[in-house]
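If you read the protein sequences in the order shown, they are chains A and B.
Take 0 as the starting number for the first sequence in numbering that gives the first Met the number 0 and just add one per residue.
Take 0 as the starting number for the second sequence in numbering that gives the first Met the number 0 and just add one per residue.
Hints are supplied without guarantee of correctness; some may be wrong.
[Said to hold, decoys possible] Keeping only pairs whose Cα atoms sit at most 16 Å apart, straight-line, the calculated EDC-like set for lysine to aspartate or glutamate is:
(1) B/LYS12 <-> B/GLU162
(2) B/LYS26 <-> B/GLU71
(3) A/LYS133 <-> A/ASP183
(4) B/LYS12 <-> B/ASP158
(5) B/LYS144 <-> A/GLU4
(6) B/LYS144 <-> A/ASP97
(7) B/LYS163 <-> B/GLU33
(8) B/LYS163 <-> B/GLU6
(9) B/LYS144 <-> A/GLU31
Worth flagging that the hints you see were computed from the coordinates, not collected in a lab.
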Amino acid sequence: MAFPEIVAPPAWRTVDLISDLHLQPSEPATVEAWQGYLDTTPADAVFILGDLFEVWVGDDAAALPGFEARCAEVLRAASARRPLFFMHGNRDFLVGADFAARCGMTLVADPTVLLLHGERWLLSHGDALCLEDKDYLRFRAQVRTPEWQQALLARPLEERRTLARSVRAQSEDRKRSPDMVWADVDADAARDWLRQAGATSLVHGHTHRPAVHDLGDGMRRIVLSDWDAAAHPPRAQLLCLSSAGAQRVDLR
Amino acid sequence: MSNPQVELHIKDKGIITLELDEAKAPKTVANFLEYVTKGHYDNTVFHRVIPGFMVQGGGFEPGMSQKPTGAEIQNEANNGLKNDNYTVAMARTNAPHSATAQFFINVADNGFLNHTAPSAQGWGYAVFGKVVGGKEVVDGIKAVKTGRKGFHDDVPLEDVVIEKAVVKA
Numbered sequence: 000m001a002f003p004e005i006v007a008p009p010a011w012r013t014v015d016l017i018s019d020l021h022l023q024p025s026e027p028a029t030v031e032a033w034q035g036y037l038d039t040t041p042a043d044a045v046f047i048l049g050d051l052f053e054v055w056v057g058d059d060a061a062a063l064p065g066f067e068a069r070c071a072e073v074l075r076a077a078s079a080r081r082p083l084f085f086m087h088g089n090r091d092f093l094v095g096a097d098f099a100a101r102c103g104m105t106l107v108a109d110p111t112v113l114l115l116h117g118e119r120w121l122l123s124h125g126d127a128l129c130l131e132d133k134d135y136l137r138f139r140a141q142v143r144t145p146e147w148q149q150a151l152l153a154r155p156l157e158e159r160r161t162l163a164r165s166v167r168a169q170s171e172d173r174k175r176s177p178d179m180v181w182a183d184v185d186a187d188a189a190r191d192w193l194r195q196a197g198a199t200s201l202v203h204g205h206t207h208r209p210a211v212h213d214l215g216d217g218m219r220r221i222v223l224s225d226w227d228a229a230a231h232p233p234r235a236q237l238l239c240l241s242s243a244g245a246q247r248v249d250l251r
Numbered sequence: 000m001s002n003p004q005v006e007l008h009i010k011d012k013g014i015i016t017l018e019l020d021e022a023k024a025p026k027t028v029a030n031f032l033e034y035v036t037k038g039h040y041d042n043t044v045f046h047r048v049i050p051g052f053m054v055q056g057g058g059f060e061p062g063m064s065q066k067p068t069g070a071e072i073q074n075e076a077n078n079g080l081k082n083d084n085y086t087v088a089m090a091r092t093n094a095p096h097s098a099t100a101q102f103f104i105n106v107a108d109n110g111f112l113n114h115t116a117p118s119a120q121g122w123g124y125a126v127f128g129k130v131v132g133g134k135e136v137v138d139g140i141k142a143v144k145t146g147r148k149g150f151h152d153d154v155p156l157e158d159v160v161i162e163k164a165v166v167k168a
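In isolation and in its complexed conformation, chain A is listed as follows (with noise of 0.2 Å):
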């Protein structure tokens, strides 16, 4: 199966992959970080690889003031500057293309293969790697069919909200127990995809782990950061993409 792939222009120098921002109203610090970093940066373009948002219950929350329609507006004004990708994540699979549209994102699918300068990098959230969460890719499997989420999203956006939280306070026991499945992504499953698409280096987030891991055969594993403005000392950062090669970039 072949990997959907954007062909870089080439006017563009650098790209920049960010994900895990896991922005949510009470987290203002981050919030704040991610706002400067998308007013400031000189990357030519800005792949948003996954769970930019804590969770998202459906468009229609942008709709309304409020966090979501305060977000919108920081990604409309940074992709009226240079183009704006974005990957769903394992919190942010129901982001649509009416969302994606008002803030002028793409959505793009995961993985994709982004060609630059010469090099093709495979970008992903990740989750879909991690193998030894059986439960979890179930989830994820009812999740991602459009019957699901047509019936989730008729439902009251209220409603939504509960659910979400309830949903999300479910992981978090979940992931308290002592039985739970400490999933990283697999090896063999991330070399499989490298060299379905041709490539050396897999980048993603999911896990917020960051390391590089070699996988052998000359091949790679970038696993990006997640983002924590608040905490002393912060983290933000990014991993720049140049024909210099990955660069992580420590935001202050």
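Using the hints provided, position chain B relative to the given structure of chain A.
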């Protein structure tokens, strides 16, 4: 006079020996030694573990209950010491001069944490020493499995406990 050294005895993992730079970070070192000698760090945990960044501890008991601390100290981040791999620095709140007991060990070169200007954004984080023994223990801590507990992210799923911190004779 040689620099003071502190041993962090990590349960089931081994001993981390820190050498403290008394000349460059006199106030921070005195503050840290005071917490060590009064036993503050005994039975505290490394509660924030992020590989490729830093491991932070000294503020919570197992179970994530926060320990009371003393007064906030002046930030000595402008002392020329850099947040390089295996250095130890003080954690703090958003205010530059707000460190008390919590510290972190850098597990990467974190240049963006260094002092650049005497401003809220630029103060940086005060390095006051470095790991001179037990680097493999630090490497073991940064490799533990982490998750979210309450409002905290990146918390080890199994407690990483400082059984005791002692000043090396």
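Against the structure, the hints come out as follows:
Restraint check: the Cα-Cα separation between B/LYS12 and B/GLU162 comes to about 10 Å, which is no more than 16 Å; the hinted pair holds. Our distance criterion of 16 Å between C-alpha atoms is met by B/LYS26 and B/GLU71, whose separation comes to about 11 Å. Distance hint between A/LYS133 and A/ASP183 is fulfilled; the C-alpha atoms sit about 12 Å from each other, no more than 16 Å. A C-alpha spacing of about 11 Å is found between B/LYS12 and B/ASP158, which places the hinted pair at or below 16 Å, so the restraint holds.
Simply put, B/LYS144 and A/GLU4 have alpha-carbon atoms about 34 Å apart, too far for the 16 Å limit, and the pair is violated. For a cut-off of 16 Å, the pair hint linking B/LYS144 to A/ASP97 is broken: about 38 Å separates their Cα positions. With a C-alpha separation of about 14 Å, the suggested pairing of B/LYS163 with B/GLU33 holds against the 16 Å cut-off. Distance hint between B/LYS163 and B/GLU6 is fulfilled; the C-alpha atoms sit about 8 Å from each other, no more than 16 Å.
Our distance criterion of 16 Å between C-alpha atoms is broken by B/LYS144 and A/GLU31, whose separation comes to about 29 Å.
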